[in-house]
Every structure is written in structure tokens, then in C-alpha cells.
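The chain contents come next:
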Amino acid sequence: MSETGARVLVVDDEPAIRRFLRVSLSAHGYAVFEADSGQAALSAVVADRPDLVILDLGLPDLDGIEVTHLLREWTHIPIIILSVRGQEADKVAALDAGADDYLTKPFGAGELLARMRVALRRVSQSGVQPVFTSGDLTVDLARRVVAVAGQEVQLTPTEYDLLRVLVTHAGKVLTHRQLLREVWGVGYGQEMHMLRVNISNLRRKIEPDPARPRYILTEPGVGYRLRASM
Amino acid sequence: MTKEHRRPNPDELLVHIQFEEQQQVRGRLKIFLGYAAGVGKTYAMLEAAHQRKAEGVDLVVAYVETHGRAETEAMLQDLEAIPCREVEYRGIVLPEMDTDAVLARCPQLALVDELAHTNAPGSRYLKRYQDVEELLARGIDVYTTLNVQHLESLNDVVAQITGITVRETIPDRVIDGATEIELIDLPPDELLQRLKEGKVYVPDQAARAIQKFFRVGNLTALRELTMRRAAERVDDQMRAYMQTRAIPGPWPAKDHLLVCLSPSPLAERLVRAARRLADELDAEWSAVYVETREHSRLSQAEKERISRTLHLAEELGGKAITLPGRSTAEAVLHYARKHNVTKVIAGKPIRPRWYELLRGSIVDQIIRESGSIDVYVISGMPGTGMPLETAAWQPHRPWLHYLQSMLLVAAGTLLSALVHPLFSPTNLVMIYLLVVVITAIYLGRGPSLLAAILSVLAFDFFFVPPHLTLAVSDTQYLLTFVALLVVGLVISNLAARTREQAVAAERREAQTAELYALSRDLAVAVDLDTIMQDILTHISQTFSREVVVLLPGTSRHTVEPRALSPGFTLNENELAVAAWACQHSQPAGRGTDTLPAASVRYLPLKTARGTVGVLGVKPSGLDSYLSPDQLHLLEAFASQAALAIERVQLAEQARHAELLQATERLQTALLNSISHDLRTPLVSITGALSSLQEDDIELDEAARCSLVENAREEAERLNRLVGNLLDMTRIEAGALKVGAEACDVQDLIGAVLEPLEDRLRGRLLTVDVPSDMPLVPLDFVLMAQVLVNLLDNALKYSSPGMPIEVLARLDGAETHIRVADRGVGIPPDDLERVFDKFYRVQQPGQVTGTGLGLSICKGIVEAHGGRIWANNREGGGTVVTVALPLHTPNEVAK
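These protein sequence lines are chains A and B, in that order.
Just so it is clear: in the first sequence, position 77 is 77 by my numbering, and no numbers are missing.
Just so it is clear: in the second sequence, position 647 is 647 by my numbering, and no numbers are missing.
If we strip away everything but chain B, and leave its shape as in the complex, we get (with noise of 0.2 Å):
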């Protein structure tokens, strides 16, 4: 080996030290690993938590079990317990560990017994393991014990030691990442004195099954599988610290393992045997599995089967793997070397010999092509897998279409007894494959094959000599027979598979067009609601369930329904386990791991940004479960949902963004706008009042006065640009009260004209009110300032000398008050904004004004329930029109 070999690998260095950091923050695993019930490891686990405590250690005991052992209880009478939380299922009360309790206690080492164990329904986990990796997720070190037999790799070992198969499985990822397992051993003999002197816990009603699991035997090869499973972690450990440390080891080329499964119940099997080769290799290892044509014609429950298998893989530690291919071999094999696979792992095959000369093996196949590849076939031992509950395949309406194809074939023979006269027999076999060919391409492959057969047979009775007997006399026809046959089943066979690949591919075709509709309608869609809908939508249709989308609530920790399907209800519990799937980023719910008591199915609605929502499905039916496909089909749709929420939300992020900078530019221009507008008028007041101090200037009478006229206008006109914006602050904080009264136009009117007498000397003004105006409800003060601005616009916009015109009308339920000038109008692109607030129109003589007084009138008008628009008149100048609601007091009448 060179030097530089020696230096440690940087790469392997930093997954050593992500490893080390993820320990400081996750907890830290300890196992106290047995190979039965009553080796002690429990006994030993209270030992070393006593020992933790008198060193300070913060400890408690999450779930113990006893067994009613004297000497265990003994030892947890002085360490802190947290109760059991109590399940009531089937009328027994289930103790359970109460994890969110031991989360709020927050220690520093939690003991958690049995970690194998299955909780009860209605817990958030299925197993205990999931329990314990949220308090190693949380921080909190985890005391545990384990028994052998419960590790999933070695599950179907301890089967055919044992005969028993355990239920009770955790996957080995568990006891991989523990950071620490302690042997607890105990001879067996020893074991076996215990237990007849009753200090091994024996359930009642195992009793006799567990008496055959104690046994010397199962014992020492359960002890041998333990002892070898802790030297497997020793040895890791020992690699690690020598990679660490750079020391050159016996460690080779890493080895990379391919397992191919087929729909066979022995694939589990083979991802067992794989993952026991690959612990004993040190090497990483996928398993794959090919989908061929065959694919589609596999029965649901062989479909399952592999997808469970898949998982089960993943749960071993493997990597799963799908390879779309025409040849299972093939695929499989151009993987292997696209990856650097050193070995192939495959079934022993289980079909009769003359099915594979016929067809062909695989794994002949594999073996022959895999070149440097080392391949390993592992013997299939028939039985040991779970068995098929179905057929492999289910005819559809099967009875009806027999019927139909012997039908057929009888129409077959009538239309060749017609014909017999004018053809020979063997032309007559050509109606028959017609027959045939009608059958597979219409009834599938079942009826066809019966078609087949029954049509070699109808063509020996009927028509080859002797008639009406299945004998034959010319040997010839033999030849005929057996052609008819062969090709029949050939067609028969050909014809079922090009329909069987139209309907898969017609189902595929529809999944996606469904899939393209829902996109297609999410893209359009502008607004949440809109989406909500479409995604509500889509999915109740083509999954035919209650749907219901949840989207973050104000608290993280919450989710709130968005969107759901009608007559569709959720509890706090599914609200609940909604939230958890939400914040986990995982499914979460019925037919899922996690919580799989609730009623409604949770997947989060991921993007690459997090997770946006949750997505609520609900079959309509109790036992209805979603096939693969279907799932698969979902995830799409929900990814689709999800990304189209998120597109809105950016898109509202955005346009919030927009909305806070034009009010931060609003803001600026407003500050601008009043510093100046408030800056000039003091200029003037204090430049006036200055010079009127002066001593040492001598000021005529006229000067003096124009200096006090002027400050005193300025004053005004600084008093009303601080009402101005007081009026608007109170509009735009909604401080704005409108008290109501029946008011007569007239009066107000002639209100607001007393106060503006000085201004309006020399204009002709005419007030239009009719005689028999109705009062109308309006706040006085209020619509008075209306009024005021408006006649104030009028007369600053319009040069002195033009009419001004003040007009009332009732028009149809609204009361008009119109204020008309003959000024310079309005450029008609700004007759709304000049009702924007600090908008002017641009003039080219200097009008002083704030750009507010119209906006008051808006916001006064609206807080009447009116309305407020500017036109220009025919002639020149602008007129404003006032519309208030009209509701006649009853009492005017009177």
C-alpha cells in the first residue's frame, strides 16, 4: 500500500464525524441484547441505570416490565417512573409508554423495556422502536433490551431453528445505529434451571410453545446467532476506528450485492439471505426488481407482495429498486455493471424442468451472461412464504365468457356443417382458428384456450372421418389436430396478451389524462380557493373517496381544514394525526405506519421548499385499501397539489412583497409631501412675523398689513392641511363614525356656503335644491367637510369670475349632490385617481393643496354606503358627483 493510502480518506473521515455530530444531538441507543426470555436483561438494564444515576445521570423509567420478578422490582423502587399510559382495547387495558409524557419530562436517559414490542391499536406508532427513535430524535439516550429473534434479518433463521415464527420484528437499521449493545449471556443450562424454578416468565397461553422453544438446542444456536450478530457490531466499530486512525486493515474492495427479485413468495427470503451476505461482506446491497411485460398480468396480491418485499429491503438496510425492462436478465444485468455489482444474487428456480426448457430461466440467463459477476443462487424452499390468497390471474366475469366461447365454438360447427359439402375437412380448420382468434381477442386467454380444445375436439367428432365419434381412421388428421391446437394456443396465448397490454395501457392512459386534467386545471388556477377546488375535485372523482386538503394553522404545530369534501367531518384526533404527518413531512394515518388507527389516509404535500400541507384521503367503504398503482397514482396527484399551492403562495409572497413596497414608497411620498406642506406655510408665518419684530426697518402701513395678512392666510392654510390629514388618518384607521340623521339637503348646503361667504363673493352661485327633497340620513358634520372640499376644489381650480353650481336630485333610491365648476376639468385618463389620496392633477399654475381632500370625500362618502365620481362637463370644467342611499324616513310622511 503507498503512503497515501494511509492518509484517512477525507470523505470517510466526515461521514465518521456526521455521525459523531448526529449522535450529540440525537440521544444515544444502548441495547441489552439477549437470545431468550430470562438471560437478565432487564435485571442488567436497572443495574446500569442505577450505576448512571449515582453518577448524576438525570434518568427515568419510561416502561419497565417486571414480570412480577421480585428482585426487577426491587430495582425499580428508588429510579423515577413515569406512568403507563392506559389503552383500552377489546375491554383489556393495555399499559403502553406514555412517550409525549416522557417527552414532556424531557430527561436525560429514558429506559424503555422490550423494544420489539407491537404497541396497542390507536397508539401513534405501530411498533416501539418508532417510540424510542422519537425520544432519541428528541435528545433523550434510550436504555432498551432486545431479544435475538426479534431482529428482521435474522427473523426467518430463528424460524427454522425454532419452528416458531416471531411476529414481533424490528428492522436492523434499529440496532445498527445503536451506539452501544451489551451482550447479556447466560448459559443455557442455566437458562433452563431458571426457568424451572419459575424465574422466567412464561405466559400462560404459550406455555407449551414456549416449552419447545426452551430447549437445549434452539438455545445454543440462538446464543451462536447473538453472540455472532454483537461480533458483527465489534467488528464495525473496529473498522470505523481504523479507518479513523488510518491504520491499514484486512478490509477489501468494498462489495456491492444485487438482489433480483421475482413476485415469488421466496423473495423475501432471498432480501434476508442478501442482507446476511452482505453484513458478513461488509458490502452495501440493493435489491431490484424487473418490470417485464409479465408485470401487468401479475394479480394484485402478487403486486403487493412485491412492493412489501421492496420495503422489507429498505427496512434491512438495502437499497430498493424498480428497472422497467423487456428481459428480466437483461435489466438486471446492465444495472450489475452500471453500478460496479460484484455479485448477483438470485432464487433457486422452482418450476418444473420442461417449463424452463420451454421458457427459458433467468437465472440459466444471468449466469451465462454475467461475466465477471459473481453469481449466488440461494435454494427456494416451497411453503416457507406467505401463500397467495388468489389465482394469479382473475377472468373477469369468467362463467359468462366459457359460456360464451363454447357458444362460439357451436356456431363454428354449424357454419361448418353448412359448408361441409363444399370444402374438405382440413379447410374447415381455418373456421375453428377463426374461432379461436374471435375468442382470445374478445374473452381473454382462459376462454380461448377452452376454445381450442374444444374446437380440436368438435373438428374430430363432427367432421373427420368416422363422423360422430372421437376415433380417427385417417392418421393424417392427427397432424391436423395438433396443429390446430398448437396454433390455437399460440393465438390464443398472443391475442390475450396484446389485450391484456391495451387494457393496462389504457389504464395507464387514463391515470394519465386524470393527471394531466388536475394539472392542467391547478395551472390555470389563480387563487387557493380555485385550487382547493380542483385538487378536491380531481381526486374524489378519480379515487372515489372523501377528500379533504389541510394547510398549516396559525400555531406550526397545527393544521386547519382548507378544503373538504361535503358531509366530510374531522375529529381532533385525525386533526391530529394530520398535524404529525405535516410536520414529519411522512404519511401518516389508515394504511400507513404511523398512527394507523385513524380513519382518513395523510400524505404531506412535500416541495422541494417543505412540506405546504397535508392531503386527507378517505375511502367511502370501510376495507377498501388503494392498490400500488393507485398510491403511486396519488403521490402524483398530490405532488402536483402541492406544487400548485406553493406556485400561489410564492405568488402571494410576491405580491405582498409588491404591496409593502409601494407603501413604503407611499409613505416616502407622503412624508415628503407633508414635511413640504407644512414646512411652507410656517416659513411664511415666521418670515412674516420676523420682520414685523424688526426694529431697525421701517414698514409703511401697507407692508405691515400685507405681512399680517399673508401670515394669517398661511396660518389657515396650515390649520386645515393639519385637518386634512387628522380627517385621514381617522379614515384610514377606521376611527371614522357615521351617525345617520334624516338631514335636509338645503340646510346642509346652505351650512356649508355661510363659512366660504368671503370666497364666493363675486362668483355667481347657484343652488338647485328641489322644493320637495326628502331628508336624507347622512352625518351632517361629515358630509359638510364633503361639501366643503368639493367647493373648495371648485373654486380653486376655476378662475375667479366662472358660476359654480350646486345641484340636488333624487335619482331613482340614491340622492345626487352634484358640485359642477367651469374650470380646467380633469385629464380624463386621472377621473378616478384624482381620488387616490395625495394624487393631483398636474397644472401648470400653482394650486396649493395637499392632494387629500378628495380622497376625505371618498372615504366619508363610502362610510355613507355612497358612491363619489368625477366627470367632465360639455363646455369645459368638472363636475363631482355625491351619491348617498336614500331610505326615506317613515316619519317624514307625517
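Isolated chain A (complex conformation) (with noise of 0.2 Å):
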């Protein structure tokens, strides 16, 4: 079930850490290269080629969103982000800087596998599928129709147009401004009530019961995702 042979440049300057990621990965098949630095990190890349990065937030030199930054000024390589409690600004600068997705330590073996999953699949899938579905939710782009159980929903524009963002990054995190400059445009970066009470419509419509949402996901103090599949 893995993507045996998958490339993963693991940065972190806690040997510690980077040995139980060697181990757990190089288990499921995946090649496993390993940085302490941000510059080790940076040559790296370029140096090995891996397929996906799975970059700490806080290095000894440059800090995991520089970095982040760095990479996306010349390559869409998939970078989940590890970090940990109290670094929500970090983890949201790092999303907005072009990083897919993020982990906060401890975490699991099996969840950092499936985030990796989902990052490297996105990418495999160059354009996206006509229709999306998952449980009962189906969003059929093409034709801009949404049904529950078989069922149309009737959406606002706005709403289709954010249920359709979240569509289209489905299993990633995407953090309020990102949502707001895809949904409203650039001038829209800080109107997160207006993000929110469209969340809270759009969750009435689709969700079975809002108060417990199954697909679309809260990250507390980050954004929201869309659950990819049940």
C-alpha cells in the first residue's frame, strides 16, 4: 500500500528523532536522507532529490518557515512540517509559506505515514478529479452540484466557492488567510467571521450532525480541512 521507493529528506537536528523516523519509514520502503541543518536541509534537496520533506520547525540555523520559504522560490516538493504545542503562529506561517501539511510532536508513526500519503498522492494526481467523494459528501466540480446521500444541496455561491477550495486540497490543512484569498480574493486576508459563519452554513447543509462535523475538520488556531475519505 506504500509508495514504495519514495525519496524522504527528514530534517531535524534531534538524532533522536531523525533515528525513529529512519526506522519506521526505511520499514514501510520509503529511502530515507536526513539533514541537521537548514542549509544541509537547502543542499540536500538538491543534492538527493528526495520526493517529499519532512522539515522541523526549530532549527539550530534557519527556522523551518525560512527554509520552507526558500524551497518554494524554486520547487512545489511536497514539506509536512513538524512542530509542537504553542507554535500555532509558526505552523500558520510555515502553511501560508507553501508547506502542505503539518504534525504536531509527539505524534504518531502511522499518522505521519498517512499524512505523507496524501501529500505525495496529490502530487501524483496532476489536476483534479471532476468528482469528489467522500461518505455520503459528493461534490461534482464539473457540473457545481453537491448532494448528501444521494441528495442536492443547495449552496450560496460563497459557500459552493469555499466547499470547493477545500475540495480541491482535500486531506490538507489550509489555514484561514488561504481560504479567504482563494474564497474572496487578495483584499480579504483578516475577515475571519465571515470565514467562519460561512464554515457554520456550509456545515449545517452538509455536515449530518454540525455540532460533531465529520468532513469538514477544524485545526484549532490554523484552518480547516477537508476529510479526503471515510
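Misleading hints may appear alongside valid ones.
With a Cα cut of at most 25 Å, we get these calculated SDA-like pairs of lysine to any residue [unchecked claim]:
(1) A:LYS105 x B:ASN710
(2) A:LYS105 x B:GLU714
(3) A:LYS105 x B:LEU721
(4) B:LYS737 x A:VAL123
(5) A:LYS105 x B:GLY851
No lab work stands behind these hints, which were simulated from the structure alone.
This one's a predicted model, so the numbers in the text were calculated from it and none came from an experiment.
Using the hints, put the two chains back together into the complex; each one sits in its own frame.
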């Protein structure tokens, strides 16, 4: 079930964490490369040509946000951020800078592998599938039709746009700012309450129980994520 | 003398050693003593200074007056001088010694000319000797010059000799405390020669007086006085030497002198005489004033003179004592016997002989009853004392009272005229006596005397035949007149005295009542602010003055106003004066000897443990000074205030110590708790991992899974604990930043439930959020943490299968979010304490936790400006409510 042979660059200054990742990732068939600093990571991306980067936010020389910025200047390689609790702002900054996903330490190997699979799959699938399905939710992007358990749901244009953005990045966390920009445009970086009200309305229309959402998940302090598959 | 007596008395040795030690810490004072200007004191001082400089002593010229003499100026040239401070007073620039600069320079030796100099107004001290004392106190040696006529105890003798009263005087204790005295002598003829040659500085304006002063007779007398004074000093030193070496000497048993003071202007003279006599006898001496009933009748000026005289006695080295008593002689002799006084000094009576025959003489009484005590009677010289500015008693609204007494006599006469036909004239006298009594009681002594005399005249004029003349036909009426007059006088005197005593008693009572009121208020005051307010109110009311209370500031040398009368401000100079008073524990400012130019009088608030602050009082008008009575009351107020302030400060310290102790206990508990909670998961993890690593034990798949599962759970627990500790630290350090944004409560609850999905499996969880719930400003991440902790508790403290409810409601201007379970509940006493750090409800079943969850919730909610509380539910279980302020953002309306 794994993307056997995919090359992963692990960037962390803690040897213990690198060792744990090397062992568990190798066991799943990944080719693992390591770097212990931001500079080393930048060279390793050039030298080892990995398919995915696992990047710790707290590095001794450059911080993870900066590394993300520098990488995004020339490559779309998937980047998964490792952070600790209380670093919400840094996490959001890294995601806004172009990182694909994040994990909060401590994390289980299973969780990491799942995130890696989502990230790698999105790169391999060039172009978006016209019809998205997750559980009872079906979104036909070509026809602009949304249905829950076969029943068509009427959405306002904004709600539809919001859902479309989430669907096109299904499985990936989207920061508030990213969502606002994609749906409302560049001028709406800070209008958080519009986003909250629309998410709330959208949930009411597509979620079986809006109080315990199954499709649109909240990432506290970061943004929203559409569950890719059930 | 026995052998024992030859051994040095340990007490005397101790005194000697203490004196020497004090001398070592204090600077040494050398006085160049002369008998007149021009004998060459300054020159001699400079010469000595040059010698010391050659010996390598670090010395500076703090102040030297050359009076333009070339030779003196030449001597000054190669000495380091501290520039004078220039004080401008009424347009004249006066050079003054810059004491602070000298202190800052801190030389080994300072030269200060003219010890008796009076400083310019606005200086720190009234007199230069006080500056010198400060230098000495800081360990700086001082060379100074002094003329003998400036000595306080010789002041009146000098005035007698020369006819010139010297105003600039210094207390004798200054010269007594000097380490060395060098007598600078010049025969009078040579001095006069120098004067003629113009070598003696004579100020123009005083030229004539000075000429009168510089006469051979005067100079010789002064020279003798100076030499005697210096010889006394040598004598003292000799005795001290003999005492320390136990050389049996001709010193007699110590005399003790007692001088009796009266309000008379001669008292000062008596005090000086006593001091001289005591010096000659090498005796200790005390000055006593007996406060009899008559004291209350004394005028303000007289009372002030008594306290001034007592003060003078203290300055001259005597002990000043005030005794209460009915009779002066009795009280004095009683005290004298009790304190082994050998000699009593009293002033020669100056009253006329008839007065003494009538009232008795105090001196006579003392002499008669003194027994073994010698009595010295010193002559009085009328007119030498300071004349009284006011009469002995000041009648109160006098003219009105005299008029009223006349009217009363007229009314008595009218009444007598009406009843005249019915009574014999002698009985009419009773009516007049009644008038005299009434006048005495209500109008005072003077009017009643007038009434007595007028009564006699009126009686004679109207009712004694021949009528309407003052002539008397029947001589037996003369007896009636005399009796009426005498009885009238006696009654008026007695009644008036009673009245005066009543007035005095009332005043004292009022003062006592005021003091009592203050101490009562202070006793119930619990904090410093209340005490300050009490002090302020009481003192400003009682003395009708503006009041300020200052407490020591952050640094040791400053004070800060803590409570001020409204509209009262202090400038920097005033603050410096207050700081001085606080530092030296002595009164300063207006009306005192130190920095009298200040507009406020500062009293140190002294307690047994030191000075706790300063009380400042400022009169509302410019000219009103406090009377000694008032001053005493003020001092009593100050000591009450000081005690109250100290009490609060001590209580504060005790509380602080208790708090520290509690903190310590808490920290110990915290360490215990943390080490336990941190270690337990580590033990499980290490154990599980090492078991897996063991080669020789064959584990089946189920056992391996159980070990791994256990290690994973414990690692999560450890992670939660570390997270909680970090959160708590962040909250306590105030590093918690609430980034409140308008959030959807339903979204919040959903986000919280999602990660708990596994643990919620099998539970009935109800979420109840109204659909019209507005957005609530909150920090999403922090509030999610609060709900996670609350849900975690609900899960932990209720058995599996019991329902949990999460509910959000609008309640007025607040959003309430409730998490309710059907668990074991919280004992009612613990409902508030559960939010304390490390507090955990004692449970029979083992529930793991750190006791931090709810206190973190509380910290976060309060950082939001909200509240959190717990209740027990009907039917069992707990409900925790989070109330957050609701400021509905306007945008939501769109």
C-alpha cells in the first residue's frame, strides 16, 4: 500500500527523532535521507532530489518557515512541518509560506505515514478529479452539484466556492488566510468572521451533525481541512 | 583609703574607653581658644595645619576668614580650599561653609574658622558648630577657632564685664567634647597695639562698640576668664588621667546640684550660675521646674520662657526636669533627697516683703526644710532678663466683662434699694457679696475685684448714713466695709482660680479626648491607608494645620509623601528637610534648630525599633507657632501614629513571611507531585521497553501488544502532564496572550470533540448549541484547551456509559458554556478549591491527574475576562460553567 521507493528527506536537529523516523520510514519502504540543519536541508534537496521533506520548525540555523520560503522559490516538493504545541503562529506562517501539512509533536508513526501518503498522492494526481466523494458527500466540480446521501444540497455561491477550494485541496490543511484569499480574493486576509459564518452555514447543510463535523474538520488556531476519505 | 579603692573603678574605665572609642569613630575637634578678636587664633590654626600637612595629613580649608590680613592670606596659599557656598539673603551674598562639599571630599582634617558663627537663613543648620558636629560625626577631624565670650555659660559674665551682650553663642558641651583646646594668648597691651596698627579686623558699623570693648580692663578680665576655662579643661583631663591610672587623688564625693527655676526672667541667670558652680565643683547638676497649680495661670510668654530655660539647662550640660507638685519647696526637696542632691540653688526673692509675709517665700521654705542639703541663694538683678512682652494674665474680652461687672453691681444696688426698707443695711451686704461671687464665677478675676471695690463704694454711698456721700457717720460700718472687701477679694480669688482650673481641666480633657479619639481610630485601622487618613484627619482638625505623612522611600535617603492634606504640595527642598528628619530621627524644619527656613515642621515618627516615617505640619497662616502645650500634644499624636504605622508594617511583614512559607510549602508540594507524576509514566515506559528487549523471555503476541499499548498510553500521559505544566507556567508568568477573535461556539465544540473521538466511543454525548448563537470573541486554541480539560475531567470522574452534556447559552451579556456529567460530583466544601493549583478531590478510586487541569482552565478563562465555577447537579454529577463576556461584533449582523 505504500509508495515504495519514494525518497524522503528528514530535517531535524535531534538525532533521536531522525533515528526513529529513519527506522519506521525505512520499514515502510521509503528511502530516507537526513539533514540536521536548515542549510544542510537546502543542499540535500538539491543533491538527493527527495520526493517529500519532513521539516522541523525549530532548527539551529534557519528556522523552518525560512527553509520553506527558500524551497518554495524553486520547487513544489511536498513539505510536512513538525512542530510542538504552542507554536500555532509559526505553524500558520509555514503553511502560508507553502508547506503542505503539519504534525504536532509527539505524533504516532501511523499519523505521519497517512499525511505523507496524502501529500504524495496529491502531487502524483495531476489535475483535480471532476467528482469528489467522501462518505455520503459528493461534489461534482464540473456540474457544480453538491449532494449528501444522494440528496442535492443548495449552496450559496460563497459556500460553494468555499467547498470547492476545500475539495480541490482535500486532505490538506488550509489556513484561514489561504481560504479567505482563494474564496474572497487578495483583499480579504483578515475577515475571519465571514469565514466562520460561512463554514458554520456550510456544515449545517452538508454535515449530518454540525456539532460533531465529519467532513469539514477544524484545525484549532490554524484553519480547516476536508477529510479526504472515510 | 583602702587598697580596693585604688583599683580603677570598672565603670569609670568603661566610660573612658567608650569615650575614646567614640573619639576614634568621631573626628577629633581641636579648638583654638582666644579671649578676643585679633589674638591670632586663625594664624595659629593655619600654622598648626601646615605642620600637620608636612606630616602628610590630608587636610582642606573648609572655611577661613582672613579679614584681608596679608600674613594670614599667605598662610592659606598652599592649602587646598573648598570653595564657599554663596547664599543670597536680602540681596547680600553671604559666603558659607559648603558642608556637603567637605563631606563629599572627606579629608582627614578640615579647618573651620569662627565656630560660633550663625549661618545665613536657609542653611541646613542654624549655627556653624552644628555643621562641625556633622563633620566630626563623619569621622573628619576639625580645627576651629573660638572666642571665649561666645561660650553659653559665660555669656552673662561677659555681658557684665564688657556691657556688650554677645548674641552668637555655642553650648558648652561643644567645648567639653573637644579633644584638645589650645589657648591662644596675647597680652592685652600688645593686642591694643595691634589694634592701633590696624592689624585687627574691625567691622565699620560696629566700630564704636568695638572700641568700647577693647579696653585694657575688659581685655584683662576676658583673658582671665579664658585662662580659667582652659585650666578647667586641663584639670578635667588630669582627673581623667588619674582615674584611669587609679592614682588616688583629692577628688571628693561627687556633688549633685539642683537649681530651682521659676517663670521669672532671672531663671536663665540661675541656670548659668549653676553651671559655673557645677563646673567648679565638678558636679553633675539638674534644673528643676515645679508645675504647681499656678502654672496654668502663667501667660504664654512665661510658659515659653520656662521651656526655653529648661532647654538652656540641657544645652549647658545639665539635666532638665519638670516636676508636678502642690508646693514648689516640697517637690524640690523631695526630689533632692531622692536623688542625693547635695546643693540646691535658688534665686533671691525679688518680690516685696509684704507679699512674702502674706504668701510665704519659697526660698525661706526650702532653707527651713532642707536639712542636710546646702542651699545657695543667688542674687537677682532686675532687668537683666528678657522683659515680658505681655502682662501676666490676659483677660478674655476684658472690657465687656468689666462693664458687665459694673452693671451687676448697679443691679445689686437697685435690688438693695428696693428691699432697703425691709432689711437693715448690714444685711444688704449679702446682696453685694452675691454680686461679687457671680462676677467671680462668670467674669473672671479682674471684673470680680472691680465688683468687690465698687460694692463697698456703692454700699457706702447709697445705704450707709449719711446717704449719697462716701462719708461714714457710724464707725462700726468701717468693719462692714473691710469685711465686705476682704471677703469679696478672697471669694473673687477663689472663684476665679476654680474657674481657671476648670478651664485648664477642660482643655486637658479635650486634648486627652482628641488623643483618645485618634488612638481609638488607629486601633481599629487595619491597613496603612486608613491609618494615614486617620492621622491626617485628626491632626489637621486638632491643630487646624495642613498635614503630611511621609514614609521612607525606595532608597534609604529619601522619603515620599504618603498622605497629604488636600491642596498641600511639597517641593524638593521640603522633601530634603523631611528626609533629614527621618534619617537623624530629630525634628527639623520650621520652629526647630535644623533647617528652620522650611515652611513645614517635621517630626520623626519614632518607635522603639527606629523611625518609621515623618509627620509634617504646616500652619495655615504664616505667623502661628505651636505653643509648648500643643507641641506636646502633637508629639503624643506623632508617637501614636508611629506606633500604629509600625504595627501595620509588622503585621505586613508577618503576613509576608507567612506567604513566603505558604509558597515554600506549595513549591515542595509541587516538586513532590511533579516528581511523582513524571516518574510514574517513565517507569511504565522503561519497564515495557526493557521487557520487549529481553531476549531470554519469550513473549506471546498478546503480551507484547499489551506492553506496547501500556507504554504508548503512559507516553501520552507524560505528554499531557508536560503540556499542563508548560501551560500553567505560561499562565503564572503572565505570558498568556489571548488573541481573541470572533469564533463560532459550535465550531469550537466540534473541534474539541474530534480528537476525543476514541475516548468518547460508547458515551452518550449531547451537544446543545442554539442555531442563532452569535460569534463570541475568544482565543480558539486556548478555549479549546479549556473544553478539552473539562471534557477530560467529565470522562475521568464519571463511569463509562454515563452521559455527558455540552451546552452553550446566551445569558445577558455573557456566553455560558457548560460541561455536565453524571459522575461522583464534588464535595460542597471543595467546589471552589478544585480550581486551585494541585488540588485534587480525594477519591476512593485512583484517578490519575496532576490537579492542574481546572486551574489552567481558570487561568485561561480569567485571561479572557470571564468566570468559571462548578456546581453539583441534582441527581448527581458535576456541571462546570464557563462564562465569557459577549461583545457581539457588529459585522455579524451582515
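Going down the list of hints, with the structure as the test:
A C-alpha spacing of about 19 Å is found between A:LYS105 and B:ASN710, which places the hinted pair at or below 25 Å, so the restraint holds. Simply put, A:LYS105 and B:GLU714 have alpha-carbon atoms about 15 Å apart, close enough for the 25 Å limit, and the pair holds. Our distance criterion of 25 Å between C-alpha atoms is met by A:LYS105 and B:LEU721, whose separation comes to about 14 Å. With a CA separation close to 38 Å, the supplied pair B:LYS737 and A:VAL123 exceeds the 25 Å bound.
Distance hint between A:LYS105 and B:GLY851 is fulfilled; the C-alpha atoms sit about 24 Å from each other, no more than 25 Å.
Comparing the model with each numbered hint stated earlier shows that hint 4 is the single one that does not hold.
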